[in-house]
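Undergrad: Sequences and hints are given; from them, build the entire structure.
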Amino acid sequence: MTEGVFLNKLYLIKIGEIALKGGNRKFFEKRMKKNIKLSLKDVKCTVSGSRGRYFIDAPQDCSARVEAVLSRTFGIKGYSEVSRIEKNIDELIEESVRLARQNIANGEGLRFKIQSRR
Numbered sequence: 182m183t184e185g186v187f188l189n190k191l192y193l194i195k196i197g198e199i200a201l202k203g204g205n206r207k208f209f210e211k212r213m214k215k216n217i218k219l220s221l222k223d224v225k226c227t228v229s230g231s232r233g234r235y236f237i238d239a240p241q242d243c244s245a246r247v248e249a250v251l252s253r254t255f256g257i258k259g260y261s262e263v264s265r266i267e268k269n270i271d272e273l274i275e276e277s278v279r280l281a282r283q284n285i286a287n288g289e290g291l292r293f294k295i296q297s298r299r
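Note that our numbering has the sequence shown beginning at 182, numbered continuously upward.
What the hints contain is simulated information worked out from the structure, not anything from laboratory work.
Be aware that one or more of the hints could be misleading.
[Said to hold, decoys possible] For lysine to any residue, the following SDA-like pairs were computed, each having C-alpha atoms within a straight-line distance of at most 20 Å:
1. Lys225 x Asp242
2. Lys268 x Leu280
3. Lys215 x Phe255
4. Lys258 x Val228
5. Lys218 x Tyr235
6. Lys190 x Val278
7. Lys222 x Tyr192
8. Lys222 x Phe236
9. Lys218 x Gly256
10. Lys258 x Glu276
11. Lys207 x Arg232
12. Lys222 x Leu188
13. Lys190 x Lys218
14. Lys211 x Gly259
15. Lys214 x Thr254
16. Lys215 x Phe236
17. Lys222 x Gln241
18. Lys218 x Ala249
[Stated by the list, open to error] Computed spacing ranges between beta-carbons, pair by pair:
19. Gln296 x Ser252: 17 to 23 Å
20. Lys211 x Ile270: 22 to 28 Å
21. Ser231 x Ile266: 19 to 25 Å
This one's a predicted model, so the numbers in the text were calculated from it and none came from an experiment.
Yeah, the Cβ is synthetic: ideal placement off N, Cα and C, and Gly gets one too.
TA: Here you go:
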């Protein structure tokens, strides 16, 4: 991954109470996904994922609109902007340094989190 301007932002959606619905979980997650797509019908974005792990890939210039929709959609507990990288340590280091520099330049703090899923 090279440093520079990215055209899209990727968000990880953290679901809340809809995961507790037992046998209806699939229905509620499908409905949540549909609600997001309907709310963002004017934004060229993709909503992907399943079984409690959802992503939205949207144009960077629409980030305020996407974040407004995510903050008020039923079933969403939270969301985070995330980076997708290849599975190698060099790319992890490169992306970490890029994000740290970006945060320092924007005055957003000196701490961040790396979380992986096997």
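Undergrad: Could you run down the list of hints and mark each one as holding or not?
TA: So, going through the hints one by one against the coordinates:
no.	hint	in the structure
1	Lys225 x Asp242	holds, 11 Å
2	Lys268 x Leu280	holds, 17 Å
3	Lys215 x Phe255	holds, 11 Å
4	Lys258 x Val228	holds, 16 Å
5	Lys218 x Tyr235	holds, 12 Å
6	Lys190 x Val278	holds, 18 Å
7	Lys222 x Tyr192	holds, 17 Å
8	Lys222 x Phe236	holds, 16 Å
9	Lys218 x Gly256	holds, 14 Å
10	Lys258 x Glu276	violated, 26 Å
11	Lys207 x Arg232	holds, 8 Å
12	Lys222 x Leu188	holds, 19 Å
13	Lys190 x Lys218	holds, 16 Å
14	Lys211 x Gly259	holds, 17 Å
15	Lys214 x Thr254	holds, 10 Å
16	Lys215 x Phe236	holds, 13 Å
17	Lys222 x Gln241	holds, 16 Å
18	Lys218 x Ala249	holds, 13 Å
19	Gln296 x Ser252: 17 to 23 Å	holds, 21 Å
20	Lys211 x Ile270: 22 to 28 Å	violated, 37 Å
21	Ser231 x Ile266: 19 to 25 Å	holds, 21 Å
Hints 10 and 20, counting from the list given before, are not met by this structure.
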